[in-house]
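Colleague: Here is how the chains run, residue by residue.
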Amino acid sequence: MKAVCWHGTNDVRVETVPDPKILNPRDAVIKITSTAICGSDLHLYDGYNPTMKSGDILGHEFMGEVVELGSAVKNVSIGDRVVVPFTISCGNCFFCQKDLWSLCDNSNPNAWMVEKVMGHSPSGLYGYSHMTGGYAGGQAEYARVPFADVGLFKIPEGLSDEQVLFLTDIFPTGYMAAENCDIQPGDTVAIWGCGPVGQFAIRSAYMLGAERVIAIDRVPERLQMAKEQSKAEVINYEEVDAGEALKEMTGGRGPDSCMDAVGMEAHGTGLEGFYDEAKQALRLETDRPTALRQAIVACRKGGTVSVPGVYTGFVDKMPMGAFMNKGLTMKTGQTHVHRYFRPLLERIQNGEIDPSYIITHRLKLEDAPHGYEIFKHKRDNCIKIVLKP
Amino acid sequence: MQTIKVEKTVTINKPAAELYRFWHDFENLPSFMKHLKDVKVQTDKRSHWTASAPLGISVEWDADIIEDRENELIAWASVEGADIPNSGFIRFQPAPGDRGTEVKVVTQYSPPGGAITAAVAKLFGEEPQQQIGDDLRRFKMLMEAGEIATTEGQPKGG
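In order, the protein sequences belong to chains E and Y. Sequential numbering from 10 applies to the first sequence in the numbering used here. Sequential numbering from 18 applies to the second sequence in the numbering used here.
Same shape as in the complex, but just chain Y (with noise of 0.2 Å):
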C-alpha cells in the first residue's frame, strides 16, 4: 500500500499554547481545513472524523490521540477500519527573538485501491503539500487576524 506523506511550516504571531489549545480540540478544525465537514470528539483520546469528496461522497473514520505534550505537540492516527488509514502530528516551538510560534504539520495517509480511489485522489488534492498548506495559511488566519479572507459572496460582472 502507498503511503503519502507531506509536511509544511508556518510562524504563527501567537504563543504556542493559546495555538495548542484551539488545535487541541479537533471540532475546530473544520473551521479552517477545507475539506472536514466534521469532527466529533468522543473521549479523551477518540474522535470521529468526516470529510466531504467531490460528487457528494463522503469518507469517515476513527481516529486516537496517540501523543500529547501540553504546548508543545499533538499526534494522532486513525484506528482500524478507517476509510482512509491515515496520522499526523502537529508540533508547535516558540520562534526565536519572540517571533511567535513555528508550527509544523506533518500527515501521512494510505489512499486504499478500490472504489473510492478516485475520490480520494480528488479529496486530497493533486498537491496534497499545497492543501495542507492551504489549511495551514487559514488556520494562521484565523488565530492572528481573528477571521479568513475570503472574496466569496463578493460582486463581480458579467
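Bound conformation, chain E alone (with noise of 0.2 Å):
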C-alpha cells in the first residue's frame, strides 16, 4: 500500500509499504477512505519529538472501511463504514472505565519511554512516535486498529466523510477542550489559536453556553474564520497587545477561563518569543509555551486555563505566581475522542455544526509532502487538509 512516512525534520515521503495486517485478537483493519493532516502532525514534521523513526508512518485522524477483523471482535462486521479515535484505549483498565480513554494503562507497548519522564504514560496514540507506541498512522491506504471492538465507530448512512471525519480528533478536542473551561452563563471565553482545534473550541464554547468567544491568532484567514464563521470576535496579537486588548474587551476583569490551543510552538513576540527560540534551539527548553504564559496572565482571578494545545516536555517561566496568586484551576489532557463520539455525532446530525466548514484542501494521498509544506508555512490560507488515499 502507499503510506505517508517520516523521514526527518521537513521530510515526510509517499512510499510503497506492507499492508498492514492482524497481530492481535481484538484488531481490525481498514481501507481508508479519508485521513487528515493534524496541526500536531507538525511538531513531528518539524523534528520536534526525539521519539520518532525514520519510516514511521504518519496519521491519526482517519476513517474508512473494515476490511478484516481479529478473532475476537465481534460487534463490528466487515464493510462497516468507521471513524477512529485517535487516542488507542482497551476498554477495561481503571481509566477506560472512568470514560478517561486517553489516559489508557494498556495500550502503549512502550510505556517505559513516558515513564521516565512524565511518571506515567498516557494511552498509545496514531502515528504519534514511539513514546505513544509507535503505532503505524492512517495517512495510508489500509491501517490496524487495535482494540477495535472499542475503537472504531460505526456512521449512520447519509453523513458524508467529510462531515465525520474530524470525530476522530479535532472537534471532540476542541470540545472537551470547552469542557475543560467550565463555562457559566454569561461567561467569556478566551482562545489562543485560531487553527482547526481553536475554531471547533470557540464554535463549542458557544454549544456549552458561553456569552462570549474572543479568538486570538495572527494569522488573517484564520482570524477570518473566526470571526465569520466560528462567530468570535478576534485579536490579532501582532496589531495590539492581546493581554490589553483582552482586559479592555472584558470590563477591565479578564475573561472567565482562557485556553491555550496553540501549544509547544508558540510564536512569541519581541524578546520572550526570541528567548524561547534560543533556548528551544538548544534544547535547553523542549517547548515553547507563550500562549500559555499570556492566558494565565490574561485568566480573570478564580477563573481556569484549559490547555489542548500539545506540549510534551519541559517549559520555562511559567507565571506561577499569577497562577497562584490569581487562584486559577487548570484542565489539559490529550481527548478521551471515545466519550465524545456520540454526543458529537448526534450535534452533526441535527444540524448545530457541519464540521467541514475549516477544510480548505482536499489533496491526494500523493500530494501528502506538499501538503506538510503548506500547512506548516500557512502558505495558499491553508488551514485543513484532507487527503483521499
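Honestly, I wouldn't trust all of these hints.
[To be verified] In silico DSSO-like cross-links for lysine-lysine, where the CA-CA straight-line distance does not exceed 27 Å: (1) Lys-107/E <-> Lys-25/Y; (2) Lys-51/Y <-> Lys-121/Y; (3) Lys-173/Y <-> Lys-385/E; (4) Lys-51/Y <-> Lys-25/Y; (5) Lys-54/Y <-> Lys-30/E; (6) Lys-121/Y <-> Lys-107/E; (7) Lys-125/E <-> Lys-51/Y.
In short, the hints are calculated from the structure, not lab data.
Can you join these two chains into the complex? Each is in its own frame, and there are hints to help.
Modeller: So, in C-alpha cells, the structure goes:
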C-alpha cells in the first residue's frame, strides 16, 4: 500500500510499504477513505519529538471501511463504515472505565519511555512517535486498529466523510477543551490559536453556553474564519497587545476562562519570543509556552485555564506566581475521544454544526509532502487538509 | 556471591482470585515474561524453568513453591544446582475502594561467576528493575485487555 512516512525534519515521503495485518485478536484492518493532516503532526514534521524513527507512518485522523477482523471482534462487521479515535484504548482498565480513554493503561507498548519522563504513560496514539506506542498511522491506504471492538465507531448512513472525519480528533478536542473551561452562564472565553482545534473550541464554547468568545491569532485567514464562520470576536496579537485588549474588552476583569489551543510551538513576540526560540534551538527548553503564559496572565481571578495545545516536555518561565495568587484552575489532557463520539455525532446529525467548514484543501495521498509544506508555512490560506487515498 | 534484588508493584483492575489463579499455573508465565522460554509444572511443588539468553544460550533450573496462600501470595525458590540461583514471591492485595488488586513482585537472583556470567548479565538486562516492570505491565495487559499491545509486524517505510 501507499503510506506517508516520516524521514526527518521537514522530510515526509509517500512510499510503498507492506499492507498492515491482524496482529492481535482484538485488531481490525480498515481501508482508509479519508485522512487528515493535524496541526500536531507539524510538531513531528518540525522535528520536535525525539522518539520518531525514520520510516514511521504518520496520521491519526482517519476513517474508512472495515476489511479484516481479529477473532475477538464481534460487534463490528466487514464493510462497516467507521471513524477511528486517535487515542488507542483498551476499554477495560481503571481509566477507560472512568471514561478517561486517553489515559488508558494498556495500549502503549513503550510506556516505559514515557514513565521515565512523565511518571506515568498516557494511552497509545496512532502515528505519533514511539513514546506513544510507535503505532503505524492512518495517512495511508490501510491501517491496523487495535482494540477495534471499542476503537471503531460506525457511521450512520447519509453522512459524508467530510462531515464525520473530524470526530477522530479535532472536533472532540475543541469540545473537551471548551468543557474544561467550566463555562457558566454569562462567561467570556478567550482562545489562543485559530487553527482547526481553536475553531471547533469556539463553536463548542457557544454550544456550552458561553456569552462571548474572543479568539487570538496572527494569521489573517484564520482570524477571518474565526470571526465569520465560528462567530468569535477576534484579536490579532501582532497588531495589538492581546492582554491589554482582553482586559479592555472584559471591563478590566479578564476572561472567565482562557484556552491555549496553540501548544509547544507558540510564536512569541519581542524579547520573550527570542528567548524561547533560542532555548528551544539549544534544547534547553523543549516547548515554547508563549500562549500558555499569556493565558495565565490574562485570565480573571479564580478563572480556569484549559490547555488542548500539545506539550511534550518542559517549559520555562511559567508565571506560577500569577497562577497561584489568582487562584486559577488548569485543566488539560489528550482528548477522551471515545467519550464524545455519540454526543457530537448527534450535534452533526441534528444540524447544529457541519465540521467540514474548516477544510481548505483536498489533496491526493500522493500529494501529502506538498500538503505538509503549505500547512506548516500557512501558505495558500491553508487551514485544514484532507487527503484522499 | 552477589545477590540482586528487584521489586515492582502494579495495580490490576481484576479480582485477586483471578490473578492468583492465572499466575499459579507457572506454564502461563512465558506468555508475558519476555525471557522465559518455557515452564513445565512437574508436581504440585516442583517446576522446571527454561529462559533464553542471547546467542542461543539457554539457562535452566528447577524451582519449588515454598509458600502458597490462596489468592494472596505465591513464593518460589530454585533448588540446588540451578544455573542461576533465584527466588521470589508475588503478593496480591485488594486495592482500597474496590479498585482492583495491587500486585507486588519481588525476585532475587545470584549471578554465578564463570563462563555464563556475561550471558546472565544480558539475560536479566542492565536494568532488572525495568525488566520486571515490563513483564508485570504485560501481565496487566493480558489480564485487563485480554491481549498484549504490540506493533511487531506492522508496516513501516524504508
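Colleague: Does each hint fit the structure? Answer for all of them.
Modeller: Cross-check of the supplied hints:
A C-alpha spacing of about 25 Å is found between Lys-107/E and Lys-25/Y, which places the hinted pair at or below 27 Å, so the restraint holds. Straight-line distance between C-alpha atoms of Lys-51/Y and Lys-121/Y comes to about 18 Å, which keeps the hinted pair within the 27 Å bound. Of the supplied pair hints, the one linking Lys-173/Y and Lys-385/E holds, its CA atoms being roughly 24 Å apart against a limit of 27 Å. Between Lys-51/Y and Lys-25/Y the alpha-carbon distance is near 16 Å, which keeps this suggested pair within the 27 Å criterion.
For the hint linking Lys-54/Y to Lys-30/E, the alpha-carbon distance of about 26 Å falls within 27 Å, and the restraint holds. Under the criterion of a C-alpha separation no larger than 27 Å, the hint pairing Lys-121/Y with Lys-107/E is consistent with the structure, at around 24 Å. The straight-line distance between the Cα atoms of Lys-125/E and Lys-51/Y is roughly 20 Å, inside the 27 Å bound, and the hint therefore holds.
Hint violations for this structure: none, all hints satisfied.
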